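Got chain A; can you put chain B on it based on the hints?
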Amino acid sequence: DGGITQSPKYLFRKEGQNVTLSCEQNLNHDAMYWYRQDPGQGLRLIYYSQIVNDFQKGDIAEGYSVSREKKESFPLTVTSAQKNPTAFYLCASSSKRLAGGYTGELFFGEGSRLTVL
Amino acid sequence: KNQVEQSPQSLIILEGKNCTLQCNYTVSPFSNLRWYKQDTGRGPVSLTIMTFSENTKSNGRYTATLDADTKQSSLHITASQLSDSASYICVVSPLSGGYNKLIFGAGTRLAVHP
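Just so you know, the protein sequences line up as chains A and B, in that order. Taking my numbering, I'd label the letters of the first sequence as residues 31 to 147. Taking my numbering, I'd label the letters of the second sequence as residues 2 to 115.
Hint data in this document are derived by calculation from the structure and do not stem from the laboratory. Predicted model, so just to flag it, every value in this text is computed and none were measured. Note that beta-carbon positions come from the ideal geometry of N, C-alpha and C, so glycine has one too. A hint or two may mislead.
Per the computed footprint, the stretches of chain B lying under chain A, defined by three or more beta-carbons under 8 Å from a beta-carbon of chain A, are [said to hold, decoys possible]:
1. 41 to 50
2. 106 to 113
Below are the BS3-like pairs computed for lysine-lysine, each with C-alpha atoms no more than 25 Å apart in a straight line [as the list claims (entries may be wrong)]:
3. A:K100 to B:K102
4. A:K126 to A:K101
5. B:K102 to B:K58
6. A:K101 to A:K87
7. A:K39 to A:K87
8. B:K72 to B:K2
9. A:K113 to A:K101
10. A:K126 to B:K102
11. B:K18 to B:K58
12. A:K44 to A:K100
13. A:K100 to A:K126
14. A:K87 to B:K2
15. B:K102 to A:K87
16. B:K18 to A:K101
17. A:K100 to A:K39
18. A:K44 to A:K101
19. A:K126 to A:K87
20. B:K58 to A:K126
Computed far set for chain B versus chain A, every beta-carbon distance over 12 Å [stated by the list, open to error]:
21. Q10
22. Q23
23. S59
24. G61
25. T64
Excised from the complex, chain A in its bound form (with noise of 0.2 Å):
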């Protein structure tokens, strides 16, 4: 079946590490992105991915990276430098770019939920 899928389900670090999230899709899809979700907050944007092996921050992009090497892969990296990285991490994919009233389907992962000990 195609989809997304994130790993691991979850997650926990201890002060001073960095942890990588995996994201994987099958769904043939050019852009790729990773959102942060807190309780009461609307998802907000870490990067984003229009094709491989470029990408581009977006609004909360400070203690983290990523990498687009291949075309089904978007892992990203918290790192140490993030203050408070404790929060549930949402990967997405579209066929195109959000942008220019774009109305195709954003597709997410099931999640990973990273815990800072």
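Only chain B this time, still in chain A's reference frame:
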């Protein structure tokens, strides 16, 4: 500043009853408005997508309406089921502004009780 406000924050209804969730936005001009359902601990799933020229869109027991003049949208759930217990998120896409400027509301948490 572009904003999307949802109300109520949370809602409890009895199984079989109808309910309506509200979304007010200040995004202008906008391209489309989306409603998502998010089960606890899961990713959001699309319910409806409406362009600025559409007034209503249905998906089974879910009906979304849009009034572009008043910048309001509502999601009506008919004959609620226990499985409708979830958060419902309103998302507005500006017509311009560059790459990926979706604006997400904070959601309405719905609990359907037997």
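Each hint tested on the structure:
1. 41 to 50: holds (count 7)
2. 106 to 113: Coverage by chain A holds here, the residue count being 3 at a Cβ distance below 8 Å.
3. A:K100 to B:K102: holds, 24 Å
4. A:K126 to A:K101: Distance of about 13 Å is within 25 Å: holds.
5. B:K102 to B:K58: holds, 23 Å
6. A:K101 to A:K87: holds, 18 Å
7. A:K39 to A:K87: Holds, because 24 Å separates the two Cα atoms, which is no more than 25 Å.
8. B:K72 to B:K2: holds, 14 Å
9. A:K113 to A:K101: violated, 30 Å
10. A:K126 to B:K102: Roughly 14 Å between the alpha carbons, so the hint for K126 of chain A and K102 of chain B holds.
11. B:K18 to B:K58: holds, 20 Å
12. A:K44 to A:K100: violated, 29 Å
13. A:K100 to A:K126: Holds: K100 of chain A and K126 of chain A sit about 16 Å apart, inside 25 Å.
14. A:K87 to B:K2: Between K87 of chain A and K2 of chain B the Cα gap is close to 20 Å, so the pair holds against 25 Å.
15. B:K102 to A:K87: Judged against 25 Å, a Cα distance of about 12 Å means the pair holds.
16. B:K18 to A:K101: Cα-Cα ~45 Å, so violated.
17. A:K100 to A:K39: holds, 22 Å
18. A:K44 to A:K101: violated, 31 Å
19. A:K126 to A:K87: holds, 18 Å
20. B:K58 to A:K126: Distance of about 23 Å is within 25 Å: holds.
21. Q10: With a cut-off of 12 Å, Q10 of chain B comes too close to chain A, as the shortest Cβ separation is near 8 Å.
22. Q23: It holds; Q23 of chain B is separated from chain A by about 15 Å at its closest Cβ, greater than 12 Å.
23. S59: holds, 17 Å
24. G61: At roughly 17 Å from the nearest Cβ of chain A, G61 of chain B sits farther out than 12 Å, so the non-interface label holds.
25. T64: holds, 19 Å
In summary, the numbered hints that this structure violates are 9, 12, 16, 18 and 21.
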